[in-house]
Amino acid sequence: MSLTAEKITYSYNEGTAAERPALRGVSVFVGRGGWVSVVGHTGSGKSTLAQHLNLLLTPKSGKIEIDGKTAVPGSSGARELRRKVGLVFQYPETQFFAETVREEIGFAPSNWGLKKDELEDCVRAAAAAAGLTPEVLESNPFRLSGGQRRRVAIASVIAMKPDYLVLDEPTAGLDAAGVRDLTRMLNEIRAGGLAVVQVTHDLKSALEHSDMMLVLEKGREIYAGTPEETASYLAEHPVKGLVLPPLVRFAGRMRQSGFDIPIISGIPAMLGALSEGARRI
Amino acid sequence: MGKDPIISIRGAVYSYKGAPSPALCGADLEVLPGEWVALLGANGSGKSTLAKICNALLEPTQGDCFSLSMDCRDPACVPLIRQGAALVFQNPDDQIVASIVEEDVAFGPENLGLTSGEIRRRVDRALELTGLSEHRRRGSHSLSGGQKQRLALAGALALEPKVLILDEATSMLDPEGRAALLECLRELNASGMTLIQITHIMEDIARAGRIAVMQSGRIVWDGLPADFWRGEYLRFGFDEPGELALYRELISRKMIPEGTRPIAEDMAEALCL
Ligand SMILES: Nc1ncnc2c1ncn2[C@@H]1O[C@H](COP(=O)(O)OP(=O)(O)OP(=O)(O)O)[C@@H](O)[C@H]1O
Ligand SMILES: Nc1ncnc2c1ncn2[C@@H]1O[C@H](COP(=O)(O)OP(=O)(O)OP(=O)(O)O)[C@@H](O)[C@H]1O
Ligand SMILES: [Mg+2]
Ligand SMILES: [Mg+2]
Numbered sequence: 001m002s003l004t005a006e007k008i009t010y011s012y013n014e015g016t017a018a019e020r021p022a023l024r025g026v027s028v029f030v031g032r033g034g035w036v037s038v039v040g041h042t043g044s045g046k047s048t049l050a051q052h053l054n055l056l057l058t059p060k061s062g063k064i065e066i067d068g069k070t071a072v073p074g075s076s077g078a079r080e081l082r083r084k085v086g087l088v089f090q091y092p093e094t095q096f097f098a099e100t101v102r103e104e105i106g107f108a109p110s111n112w113g114l115k116k117d118e119l120e121d122c123v124r125a126a127a128a129a130a131g132l133t134p135e136v137l138e139s140n141p142f143r144l145s146g147g148q149r150r151r152v153a154i155a156s157v158i159a160m161k162p163d164y165l166v167l168d169e170p171t172a173g174l175d176a177a178g179v180r181d182l183t184r185m186l187n188e189i190r191a192g193g194l195a196v197v198q199v200t201h202d203l204k205s206a207l208e209h210s211d212m213m214l215v216l217e218k219g220r221e222i223y224a225g226t227p228e229e230t231a232s233y234l235a236e237h238p239v240k241g242l243v244l245p246p247l248v249r250f251a252g253r254m255r256q257s258g259f260d261i262p263i264i265s266g267i268p269a270m271l272g273a274l275s276e277g278a279r280r281i
Numbered sequence: 282m283g284k285d286p287i288i289s290i291r292g293a294v295y296s297y298k299g300a301p302s303p304a305l306c307g308a309d310l311e312v313l314p315g316e317w318v319a320l321l322g323a324n325g326s327g328k329s330t331l332a333k334i335c336n337a338l339l340e341p342t343q344g345d346c347f348s349l350s351m352d353c354r355d356p357a358c359v360p361l362i363r364q365g366a367a368l369v370f371q372n373p374d375d376q377i378v379a380s381i382v383e384e385d386v387a388f389g390p391e392n393l394g395l396t397s398g399e400i401r402r403r404v405d406r407a408l409e410l411t412g413l414s415e416h417r418r419r420g421s422h423s424l425s426g427g428q429k430q431r432l433a434l435a436g437a438l439a440l441e442p443k444v445l446i447l448d449e450a451t452s453m454l455d456p457e458g459r460a461a462l463l464e465c466l467r468e469l470n471a472s473g474m475t476l477i478q479i480t481h482i483m484e485d486i487a488r489a490g491r492i493a494v495m496q497s498g499r500i501v502w503d504g505l506p507a508d509f510w511r512g513e514y515l516r517f518g519f520d521e522p523g524e525l526a527l528y529r530e531l532i533s534r535k536m537i538p539e540g541t542r543p544i545a546e547d548m549a550e551a552l553c554l
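Each protein sequence line maps, in turn, to chains L and D. Numbered per our numbering, the first sequence spans residues 1 to 281. Numbered per our numbering, the second sequence spans residues 282 to 554.
With the rest of the complex left out, here is chain D (with noise of 0.2 angstroms):
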């Protein structure tokens, strides 16, 4: 049984006003339920306004734009919309709206008309995931660069959305961090949550199951991540991850057995190290 898309644009065209050229000419992306798309491409090329095309931030100028089933052009979807496909934004500061974390992250819930106490069990529960609970009670812009983009994720998070769109909501975390919230959105996305996440960072869409690639303002492909970088990653100009370099040199030099993850620590076992 096909299912019906979750975000549908077909043809969208957006200028921003006073902008030499048009940010998006054309772009289409269909994305289904429970999907998980790594959007890519070069800065500028039209990433973050696809993203707030999806959430009805911006409209079109031209094509057609539908969100959970919604007119994105439709007035009354627009809430709707920007709670159900929720956007955490590549710059944290443009998204934090209250003085206090847990008021910034409860914020979202409260426009929702949720009981308080569950308005009180999603912002606890956002704020665990993102690992601020021991900051809930301080000023938001006391915090450090990647303490504030958590803490724009915690508010995407409480809002329990059906699609969460990530613009470049890791570039500021440590190590660690950014794999705690991979795992995160693994879990999130098993559980049925669709995702669409931006980044630059190629070691972040090892568990994407599709990959489109963006330029000047389209979609210019639009394919699973192994056809990806089988070589098509190289015709745009990203870098393949090391691992997966490893990984493909070790596979056809036969020193480890096909099945063996991609993972340094798996090829490690599998040449007995």
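One chain only, chain L, in its complex shape (with noise of 0.2 angstroms):
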């Protein structure tokens, strides 16, 4: 069971003086239970990618596969494939359109047959799983802060029961305890056999979290790695937009010294190797 998009090309419009391209070639694969992490400098592609996984965008070449069946723009099987791959958007009004916060995230849900109080059972458990109060519940999502909005976002995707959760700047808004409980929700229903897709400038939590890096230039794929890889990869290639974290960085320096840790390391390990004076030379 996989999500896979294989050689994707996309230009905004197409054919027309103003065409842009925005991918060239971008190829992703997650499994289920996987996080891949898709970073890059700004206007990269990197929502333009995000949209071809939930077949928002239909690609000019390249395809996209979904449990091993090709998603057909416009065929019936590409509605039913695409309710298995849920988005939540870099900007979150992008997806509102319900009166109240209840009604947003009870919306897929509502079309299941759902007895009264197994919609709102659904519904209460979304919206904690994002961090939500009840009392949102009966707000306008328009009306709300930027995190209350990002996190009624993230609440009515999740309440579609997704087999693929494509998150697009998910932590963008969100204070250091809706990092920190989104990290962990995002993990549990990855236990559960869930993928997640996670496009994010924060590389710091990219490094920490996923099992696969994408790094894109100019809608072009320049680097597919594990964290590790990936850090070693941008330690010695620079790359457009991107600057590593502090600590990576540091751990660099101690790896060019000598220093036998790892690139991706806790400053217990750095402390460590430092006090040890545990060169390798």
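Some hints could be false.
Simulated crosslink set (SDA-like; lysine to any residue; CA at most 20 angstroms straight-line) [unchecked claim]:
#: 1; chain 1: L; residue 1: LYS161; chain 2: L; residue 2: LEU114
#: 2; chain 1: L; residue 1: LYS204; chain 2: D; residue 2: GLU546
#: 3; chain 1: D; residue 1: LYS535; chain 2: L; residue 2: MET270
#: 4; chain 1: L; residue 1: LYS218; chain 2: D; residue 2: SER414
#: 5; chain 1: D; residue 1: LYS298; chain 2: L; residue 2: VAL136
#: 6; chain 1: D; residue 1: LYS298; chain 2: L; residue 2: ASN140
#: 7; chain 1: D; residue 1: LYS298; chain 2: L; residue 2: THR100
#: 8; chain 1: L; residue 1: LYS204; chain 2: D; residue 2: LEU463
Bear in mind the hints are in silico, worked out from the structure with no lab data behind them.
Fit chain to chain and form the complex, with the hints in mind.
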């Protein structure tokens, strides 16, 4: 069971004077329980890729496969497949349409023929998973603070019970507790078999939490690998827009000086190595 | 000589229509000219509401609010305050008004009644500072998320305000873009611009001279960064940036000399790495 994008190419306004190539042969693979982080500079094509994964955009060439089935744009099969992939947009307001948070979160489950109290349980569980208190359920989603809107957007996609969850900058606007809770929640639902694709500018979180990373530059896939491999690659190859987090840069300096520590290390490991003077040479 | 505050808010109360509880319940904030204040707080604590009060976009239901020595309640002052204490919105879509990038940036200066030469100078500079020059002729709504955020910032910079209020204005920028923006803010602040910076990213407030913390519609802590990082941050549930945590450990073990800056590269140099 997997979500695969194979050599996706896409241009906005194709065939017009305003044509803008946004993706040039980008591939992604995520299996059940996996967590892939997509990173890259502003305008590198991350959101365009996210919208392909949930079949909102149709590639000019290349294909999207969900659980082994190729998504044929516009077909009834594609609608079926699309339900398996939930997308949380970069700006949460993009996806809001309802008058109340309850209605917003309950939209997908309300089509499942649930009893009233089952639906309410479903809404409350999704709200709680995103760190929303029940009082907010009566509010208009457009009349909330930025971080509260982000939580509603996440809750309404969780409530769809997708098999694949695509999140576009989900931590932007969340407070520290929100970021911690989101990470914990994603790991919990991952343990239940759901797969996560996260677009993020937060390299620290991507390096710490994902099991694979994809680096984009100007619509091209320039690196794919585990967080350790990606950090080592980025330490040696400057990529537009990306700067490694300070502690990773510090660990890089230690490694260059012969210390035998992983590129993604915690402070205790660094201090331990430094005080032992544990240089290889 | 004591300076008069450029922003002075006392006992501000604000309730949104139909909201179950007030968003601000007695917030006090005083900012001196040339200061760089970081405004922190949990989701829903009232930061954006307070920012809109400073910028005279919202009028407090109780309390006093003066921006640039003008009363925010005086309708004659409101337009002057909005230009002189410019606000970069949390969501750029709330701010983008024109369909072409450069026209959007020109919108503010045009309303100031400047000469066309001056408008052009300001637009060019704002686009340059935000790295949007190559996109100037593009449709505002066809930009990527981070490009839109830069556009919102450019629009505020083109007003050449005395006070710049940034409501999470770096949340969608890539790491390099964030660093460049912070450097740009440092220069603007050095040349006298007062900054109020709202953010959840603790790495971004390294240059602020003061930190104010909001909780449930009030400012509950206000002081120097050194005091904040000495322990207060824990009380409010913030995360310490990794660089600072490493710095503290290295200093307490006397592995690096006092006076080393808490920057990864400087600490590595000090350790001869
Ligand atoms: N609707 C659109 N019409 C035309 N061009 C677009 C449109 N949306 C995005 N683009 C362009 O396509 C490219 C890729 O945009 P995309 O939104 O995928 O970038 P991104 O990596 O998500 O950037 P960010 O980090 O700023 O959100 C950019 O050059 C962008 O300006
Ligand atoms: N337009 C609105 N209508 C009604 N209530 C609102 C509106 N905007 C915000 N609120 C409420 O006012 C309170 C303060 O919101 P505010 O936007 O000032 O918070 P914030 O500190 O900026 O939070 P965040 O970090 O999430 O952006 C919250 O409880 C929020 O739900
Ligand atoms: Mg994007
Ligand atoms: Mg806010």
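Checking each numbered hint in turn, tell me which of them this model violates, lowest number first. Every hint satisfied by this model.
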